[in-house]
Amino acid sequence: MSMFRHYKNRSGLAIPIVLAFIFVATILGSTLIFFSRTRGYDSSRSVQRLQLIHLAQVGLNEALSQIKPLRMQEIIDKKGREWHFKVPMQKFGRSEGWGEVKVKVPGTADLEIVSTGLWKEKGGTEQKLILGARLGYYENSYYESGDESRLKIESEWKFKRLFQKNEE
Amino acid sequence: MQIEKAMNSREKGFTLIEVVVCTVLFSLLILVMSSTYSFIRRTFLRVDGKGNASAEIERFLLRLDDELRFAVDITEPRSEADSKSLLFTDGEGSKIGYELNDDGRVIRIDYRNMSKRTLISEVSSLRFIRKSPGLVAISITSNGFSVITAVHVWNLP
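Protein chains in written order, with our numbering: chain Z, 1 to 168; chain D, 1 to 157.
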């Protein structure tokens, strides 16, 4: 009996109370959706960055494997002072990644590799990350044990500098 | 008389319309809340799964890169071939193997002391592709997350 007395003169309050509940629930729900979306984007960005680094690494390592067995003069004769090649496109679910590598021989003892990893999500913009390396070439030639007809050339490639850029 | 008095009373209780409208609104609220919860749960599970997979793959690749880069010989895969396992001699002369088991675990085997260690689990595919004598491409997929990378072995042409 006392409970009914408590609600006396309060008819018409039910709908405003439910609407207030809905309002609070909407705010809470939107906040949670916002946080989960932000977390999703963060995760997607870090995955993208990881993929870009690996794609650029593929190009850099492929260039190194082409360059290292050769002497500087052989590289200039076979490939010229500047050349480029592509890392084939790979599909990763709804995204695709590929790479572009440029190699320059600016002088006689230096070589620069610029490897760009590219990543594109379906409907998104193209993202890129650049990994580069500057190599130094060292050569030592001498006649083997006094025999002037047998010239021996010892060559070596060494890393001078590694660099990374997010945009070209 | 009493019934008539009760019907005319406007003092307490909810009207039928109020009850119907509230039921509909509450049902909608519960529907929206449950679908929101389900969406958030799925997002978090997917993000956590991908995050864990990418962190595990990254650790695995860093370790492999560190060892393979200074290898002096690669026995498996042979040149221009691909394989589920990798076998090489490291800079200290030890035979080291990496392989994918049938249960989805990638294990590292040190043949010098025959020690085995699981590096990463729940791997659905792992391929080692020998592109040239000194270039090994690695393709790995775990928890729906794939990475393709390559390591140049400095001591091999």
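It should be emphasised that the hints constitute simulated quantities derived from the structure, not laboratory data. There could be a bad hint or two in this list.
To be verified - Straight-line C-alpha distance at most 30 Å; calculated DSBU-like pairs for lysine-lysine:
{"id": "1", "chain 1": "D", "residue 1": "K84", "chain 2": "Z", "residue 2": "K68"}
{"id": "2", "chain 1": "Z", "residue 1": "K79", "chain 2": "D", "residue 2": "K131"}
{"id": "3", "chain 1": "Z", "residue 1": "K104", "chain 2": "Z", "residue 2": "K120"}
{"id": "4", "chain 1": "Z", "residue 1": "K68", "chain 2": "D", "residue 2": "K95"}
{"id": "5", "chain 1": "Z", "residue 1": "K86", "chain 2": "D", "residue 2": "K95"}
{"id": "6", "chain 1": "D", "residue 1": "K50", "chain 2": "Z", "residue 2": "K160"}
{"id": "7", "chain 1": "Z", "residue 1": "K86", "chain 2": "D", "residue 2": "K84"}
{"id": "8", "chain 1": "D", "residue 1": "K84", "chain 2": "Z", "residue 2": "K91"}
{"id": "9", "chain 1": "Z", "residue 1": "K104", "chain 2": "Z", "residue 2": "K165"}
{"id": "10", "chain 1": "Z", "residue 1": "K128", "chain 2": "Z", "residue 2": "K104"}
{"id": "11", "chain 1": "Z", "residue 1": "K68", "chain 2": "D", "residue 2": "K131"}
{"id": "12", "chain 1": "D", "residue 1": "K116", "chain 2": "D", "residue 2": "K131"}
{"id": "13", "chain 1": "Z", "residue 1": "K165", "chain 2": "Z", "residue 2": "K128"}
{"id": "14", "chain 1": "Z", "residue 1": "K79", "chain 2": "Z", "residue 2": "K122"}
Said to hold, decoys possible - What the simulated footprint calls covered on chain Z by chain D, stretch by stretch (three residues with Cβ under 8 Å from a Cβ of chain D suffice, anywhere in the stretch; the number is not a length):
{"id": "15", "stretch": "30 to 40"}
{"id": "16", "stretch": "46 to 56"}
{"id": "17", "stretch": "87 to 93"}
Yeah, the Cβ is synthetic: ideal placement off N, Cα and C, and Gly gets one too.
Under the constraints set out in the numbered hints, which ones does this structure not fulfil? When the structure is compared with the hints, numbers 5, 6, 14 turn out to be violated.
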